[in-house]
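There are 2 protein chains.
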Amino acid sequence: MADNKKMVNAITAMDVDFAQWYTDVVKKAELADYSCVRGCMVVRPYGTALWENIRNELDARFKELGHENVMMPMFIPESLLQKEKDHVEGFAPEVAWVTHGGVDELQERMCVRPTSETLFCDHYANIIHSYRDLPKLYNQWCSVVRWEKTTRPFLRTMEFFWQEGHTMHETAEEALAETEQMLNVYADFCEQKLAIPVVKGRKTDKEKFAGAEATYTIEAMMHDGKALQSGTSHFFGDGFSRAFNVQFTGRDNTLQYPFETSWGMSTRIIGAIIMTHGDDNGLVMPPAVAPTQVVVVPVAQHKEGVLDKAAEVTERIKKIARVKMDSSDNSPGWKFAEYEMKGVPLRLELGPRDIENNQCVIVRRDNREKTIVSLDELETKIPELLQAVHDGLYQKALARRESMTYTVTTFDELKETADNKPGLIRAMWCGDLACELKLKEEAGVTSRCMPFEQEQLAETCVCCGKPAHKMVYWGKAY
Amino acid sequence: MADNKKMVNAITAMDVDFAQWYTDVVKKAELADYSCVRGCMVVRPYGTALWENIRNELDARFKELGHENVMMPMFIPESLLQKEKDHVEGFAPEVAWVTHGGVDELQERMCVRPTSETLFCDHYANIIHSYRDLPKLYNQWCSVVRWEKTTRPFLRTMEFFWQEGHTMHETAEEALAETEQMLNVYADFCEQKLAIPVVKGRKTDKEKFAGAEATYTIEAMMHDGKALQSGTSHFFGDGFSRAFNVQFTGRDNTLQYPFETSWGMSTRIIGAIIMTHGDDNGLVMPPAVAPTQVVVVPVAQHKEGVLDKAAEVTERIKKIARVKMDSSDNSPGWKFAEYEMKGVPLRLELGPRDIENNQCVIVRRDNREKTIVSLDELETKIPELLQAVHDGLYQKALARRESMTYTVTTFDELKETADNKPGLIRAMWCGDLACELKLKEEAGVTSRCMPFEQEQLAETCVCCGKPAHKMVYWGKAY
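For the protein sequence lines, the chains are H and A, in the order given. So the first sequence is numbered by our numbering: it starts at 11 and just counts up by one. So the second sequence is numbered by our numbering: it starts at 11 and just counts up by one.
Keep in mind that the hints were calculated from the coordinates and are not lab data. Keep in mind that a hint or two might mislead.
The list treats identical chains as one, so a pair stands whether inside a single copy or across any two.
DSS-like mimics (lysine-lysine), calculated; alpha carbons at most 25 Å apart, straight line [unchecked claim]:
#1 K38 x K73
#2 K391 x K203
#3 K431 x K406
#4 K73 x K37
#5 K334 x K73
#6 K486 x K236
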């Protein structure tokens with residue numbers, strides 16, 4: 011118990027300092043460490059294993075829908091970046107520039123990709139000739155670099171890891187359908203695998219991706235009421251195709267420009283997992299992507315037969331879950347705290363008395379509920395309990411989001427809410443940039459999205475009082 | 011047949027121009043394409059799928075041996091690169107330098123990692139404190155950049171993809187054992203999965219990795235008799251630990267420096283696959299890593315029942331192999347040539363007559379041997395035939411290597427062989443750098459390795475005539 015306390019005390023309480031709590035969890039759970047490179051992190055084995063599980067889940071979904079992976083160069087020549095006007099304006103201020111190769115100065119400098127629309131378009135111009143070549147459904151897993159001033163592990167790092175899908179289609183309708191489909195893939199993944207409820211919607215013009223006609227987003231609410239953009243999907247129309255001269259011969263034998271999408275999810279989502287499910291004891295991993303789903307802790311392991319039985323149980327569980335036994339000489343209390351910190355969904359305790367009774371104790375990480383389980387029923391009970399943890403996490407997050415979402419109809423109400431109640435604010439908007447800017451300046455909130463599920467909350471804009479038909483989620487964001 | 015011929019003519023014959031044949035295969039088999047970034051390639055879906063299979067196979071082997079993946083920054087600050095003298099001398103001339111972030115000039119420039127020993131050591135200094143923290147067995151999958159003057163897809167590109175293992179150990183013996191173990195992992199993988207026979211050995215001091223005490227290598231022989239270094243494993247002693255001040259408290263309570271290894275295999279290995287197994291019809295994929303192991307080609311597919319039966323057969327094969335059906339409206343001849351170009355190990359032809367007889371024709375890519383297989387026996391025959399292709403490829407490559415390996419004892423013999431007979435040359439060496447340099451200058455060969463399996467071919471050095479105890483493989487290399 012003393013050990014347990016020590017570990018728990020090692021992190022700042024959420025209510026005391028949420029930002030510090032976050033940093034403590036990242037370090038103590040050994041997800042990531044700072045590196046000697048400004049703004050870049052070292053993703054440690056536990057964080058990398060989590061990212062690999064996320065990647066494998068998403069990758070399978072992408073492939074099932076016909077997408078193929080490719081590997082593009084990490085550099086973009088300056089002239090290529092400049093081909094699409096809005097895009098270069100959006101990204102040029104925040105890229106890393108390579109100016110020298112060995113001792114020679116480059117004739118043309120290159121940036122490290124901040125995103126790869128330009129490279130994909132350049133390649134697509136080479137390989138798309140006929141409508142028969144469409145659609146092209148490509149994706150890549152890589153890292154990208156954006157020269158951020160202030161950084162935080164996973165949430166905002168200079169280099170981050172992600173996947174970026176880039177697709178080309180014969181018609182605008184097809185491309186729009188792809189944009190929506192991929193947003194749904196992200197939303198389903200967040201809800202079904204990460205136990206994170208999300209709002210699906212469209213970004214306002216001010217918040218959309220540089221060069222896109224429309225950006226769709228999923229927004230999740232963190233423990234502190236702030237929003238986190240968790241995945242985006244963009245529709246480009248034929249703007250990039252025209253800029254990069256990607257053309258195909260259509261069914262009617264005329265030259266046409268294909269329609270493009272791109273969509274991405276990044277290691278930011280690990281930040282979302284931490285801040286949605288974590289508590290004062292550390293991380294809580296959603297079972298579907300947890301590197302370790304069950305930890306077996308032998309109790310009184312020096313007693314005869316305990317370690318053997320624990321090993322036997324571990325071997326059995328290996329067939330149905332990612333399991334690990336900790337037979338180190340640390341105390342059970344230390345181990346309990348350690349795996350709570352790391353957020354392992356289920357802890358299985360097994361001591362001499364349990365063995366006598368042919369049972370074990372399984373403790374859920376999310377609510378600490380203990381269940382006595384017969385050793386004969388492990389194969390059915392463990393999957394049930396993992397599902398119960400998932401459901402518990404999802405319901406808790408959903409209830410929190412609902413209790414922290416406010417509906418307002420006047421500016422005063424909005425400002426009062428924004429100032430005093432962390433969370434999301436639903437309010438009507440006329441569509442004018444001026445109102446969006448005023449809300450940001452005077453109430454400190456930005457538009458998170460125009461949700462697909464709209465409601466007419468009032469007849470007028472919360473800001474200017476003009477007629478309004480768009481319901482927007484406003485909030486503070488990571 | 012006409013179609014078939016057209017496809018075959020589309021690539022240069024090996025004997026006419028081997029380099030051009032190689033480039034043709036890379037392009038026509040759609041493994042990779044040139045990009046707008048000098049020396050960087052676009053790895054296309056087929057090449058990426060191949061790399062993913064290689065990665066998954068290797069990654070499983072690494073993990074089975076206790077290695078964990080991490081993700082390190084892609085940048086190295088100049089001061090960090092300079093910490094180990096030999097290392098910086100070896101790599102500084104060939105790195106890409108980032109000098110600006112957005113519009114600001116950096117106070118200290120950073121290079122894009124050419125390899126990550128420095129970053130791993132910097133991290134290890136933070137996380138290794140006690141002998142209990144050892145060994146650390148880390149690996150990462152990433153791309154690295156080396157500013158090469160002349161580049162060729164897969165063989166030598168400015169940016170290439172690889173894995174780099176970096177481990178730290180309590181003792182030199184343990185680190186040496188790791189170095190050897192990982193070389194054996196590479197060798198076994200090449201032979202068992204890629205059907206590429208390799209020579210295992212140690213590099214001479216001249217050829218070893220910058221900063222290493224010893225470099226072990228596996229060398230494969232390509233179709234043209236040139237050698238390709240296919241994987242390397244390095245023992246660093248405690249040199250890097252000292253340079254980076256990585257220290258741990260030992261079992262005897264004294265501060266000690268741990269011993270380090272690193273090891274890597276890259277997308278170069280795809281070049282080895284192409285040049286070991288390919289022929290004038292294109293690529294030949296080793297079955298274990300082939301993105302498509304079996305292609306089903308319906309013959310006379312407009313006839314009733316053919317497509318249905320082909321689809322049914324494809325579904326059955328899906329359970330035992332990576333299979334694809336091509337029911338496009340291209341002619342069977344076109345399809346035959348296409349999948350030969352792509353090197354699909356087995357082609358299954360199925361027409362109305364076959365269906366009547368409850369059979370199909372399976373054609374091996376490696377030797378074009380046809381087998382009539384009862385549709386009742388697909389599940390046993392296909393794995394057998396895949397294994398036969400693997401064995402056939404391996405035996406053919408081994409026989410070629412043996413027939414193109416020469417043993418010489420005098421300088422004249424060596425020069426005569428080097429000038430006229432492509433292949434590897436076995437000869438004794440005294441160990442002097444001067445002889446190594448002379449052989450390079452006058453005979454155009456470099457030392458590929460000192461094989462672990464040594465033979466005393468003669469008493470004296472092939473170059474200077476002094477006593478010699480080292481047998482070396484000499485050759486021309488990619």
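Homo-oligomer pair classification [K73, K334; C-alpha up to 25 Å] | For K334 and K73, the Cα distance is within 25 Å only across copies (14 Å; inside one copy 30 Å).
Within, between, both or neither, where K73 and K37 count as close if Cα-Cα is 25 Å or less | Result: close only across copies, 24 Å inter versus 34 Å intra.
Since the copies are identical, ignore which copy is meant and state whether K38 and K73 lie within 25 Å (CA to CA) inside a copy, between copies, both or neither.
-> between (35 Å within a copy, 24 Å between copies)
Homo-oligomer pair classification [K236, K486; C-alpha up to 25 Å] = Intra 5 Å, inter 62 Å, cutoff 25 Å: intra-copy only.
When no copy is named, should K391 and K203 be tagged within, between, both, or neither for a Cα gap of at most 25 Å?
-> within (19 Å within a copy, 39 Å between copies)
Have a look at K431 and K406 and pick one of within, between, both or neither, based on CA distance no larger than 25 Å.
-> Result: close within a single copy only, 19 Å intra versus 74 Å inter.
Hint check: no violations occur; every hint is consistent with the structure.
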